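> Listed below are the residues making up each chain.
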Amino acid sequence: MATSNYTTIVKDGLWDNNGVFSMLLGMCPAMAMTTSATNGFGMGLATAVVMAASSLLVAVFRNWITQEVRIPVFILIVAAMVTLVDLAMNAWMHELYKVLGLFIPLIVSNCLPLARLEAFAAKQSALPSFLDGLFMGLGFTIALTAIGAVREITGNGTLFADASLLLGPAFKAIEMRLLPADMGVLMMILPPGGFLVTGLLVVVKRMIDLRAGKEIQMGGAHSVA
Amino acid sequence: MGGWHAFCELLAIMRKTFIHGVILGSFCLGFGLVLAVTDQLTVDDIAARSLEDRTNSLSQVIPDNMHDNNIVTDTLTMKNAHDKEITVYRARQAGKVTGVAYEVFGTGYAGEMRLMLGIDAKGTLLGVRVLAHKETPGLGDKIEVKKGDWILRFTGLSLGDPPAERWKVKKDGGEFDQFAGATITPRGVVKAIHGGLDYFAENKATLTEAH
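Chains as they are written, first to last, in our numbering: chain W, 1 to 225; chain P, 1 to 211.
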């Protein structure tokens with residue numbers, strides 16, 4: 001079980017126990033939403049907000065949630081947070097909603113938030129749980145942006161295309177074309193590219209960990225009680 | 001006495017189940033209330049945003065200087081060639097209909113594509129925009145105006161210009177470019193636009209009459 005040591009929480013979420021590359025959770029959005037780095041980034045951020053909010057709520061209510069009904073209550077909380085974010089963004093951050101809106105309902109189908117509620121928030125107090133949700137979400141964002149970036153560069157020759165639509169005109173500068181348009185391998189943007197790149201990046205992460213002499217943390221054993 | 005014991009056990013189980021039901025029920029009620037309140041708080045803003053969106057997309061297919069009315073609210077409900085209900089938005093200048101806009105549906109590589117056509121009173125295209133599609137990113141999505149200006153090509157065309165047999169992509173012997181690696185998407189769009197113009201010709205009287 002993870003400790004409530006804050007540095008560990010941050011490191012676990014961002015790298016050591018990364019939701020996608022170590023726990024292999026949230027594979028559905030990790031492959032479906034990463035046709036570009038911008039898409040991956042957007043999906044990741046929306047997920048991080050929902051994860052931080054639902055982890056906080058579960059930690060606050062953890063003494064009232066009995067073992068027998070915890071799963072439906074967790075799902076209820078995640079779904080409620082997703083709907084809240086969806087409504088609020090649609091009403092008050094409409095420009096962002098037009099870009100991200102498509103992704104938000106899909107967060108419900110991601111098992112990473114649920115896994116963190118079960119493994120962490122249900123047993124820890126509010127602040128560590130909030131941080132765990134937030135940093136697991138940010139780690140998810142990093143993973144999705146990385147997968148998206150590799151697929152976008154190899155498939156389309158661009159990096160962060162349309163980032164200004166998501167983040168505002170100031171980010172026009174990070175939109176890059178690295179390869180001529182006709183050099184892209186279309187397959188990388190289609191579903192097979194998602195599997196290939198995700199698998200490849202899992203290997204890369206494990207190689208880095210091995211080289212650093214770290215013990216490899218294997219997926220489910222850690223998160224599913 | 002065994003019966004009494006079993007009865008007590010049953011009561012205990014029922015009591016436990018009842019408590020779990022109450023817990024789950026209260027969470028549902030609580031979050032249901034939170035969502036209801038949020039819905040109430042946001043419903044007006046969301047409706048306003050959606051109206052703004054529609055005004056924006058309509059002003060892309062009908063130039064603002066062609067009308068003095070509010071197109072979004074000046075609507076007519078009609079049935080299209082496939083018996084589907086569509087909303088027709090009408091542009092008027094001093095009461096006279098100067099143009100109409102309505103949705104047409106095409107079939108692309110990955111399912112239905114929805115387009116908005118703007119047509120003036122004489123049947124000339126004022127503009128076409130893709131509202132929704134599921135085409136392959138990087139291939140078929142060049143029909144979107146923000147990904148390329150292919151769709152702008154249709155402005156100014158009409159049923160007879162180009163002639164009917166040229167209302168096709170180049171691969172099929174027509175006028176319009178297909179994309180490298182994607183023919184089905186542009187073919188579907190061209191067909192949908194042509195169908196939309198046909199519909200205008202057939203229903204011109206109903207579409208443009210002033211009420």
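Simulated from the structure, these hints should not be mistaken for lab results.
Computed from a predicted model, the values in this text were never measured in an experiment.
Positions of the beta carbon are idealized from the N, C-alpha and C atoms, including for glycine.
Treat the hints with caution; some may be incorrect.
What the hints assert, rightly or not - Derived CB-CB ranges, DEER-like:
(1) G181(P) x K98(W): 24 to 30 Å
(2) G173(P) x I75(W): 51 to 57 Å
(3) L186(W) x K16(P): 56 to 62 Å
(4) K16(P) x I75(W): 49 to 55 Å
> Determine for every hint whether it applies to the structure shown.
We went through each hint and held it up to the structure:
no., hint, verdict
1, G181(P) x K98(W): 24 to 30 Å, "holds (28 Å)"
2, G173(P) x I75(W): 51 to 57 Å, "holds (55 Å)"
3, L186(W) x K16(P): 56 to 62 Å, "holds (57 Å)"
4, K16(P) x I75(W): 49 to 55 Å, "violated (21 Å)"
Of the numbered hints given earlier, the model fails hint 4 alone.
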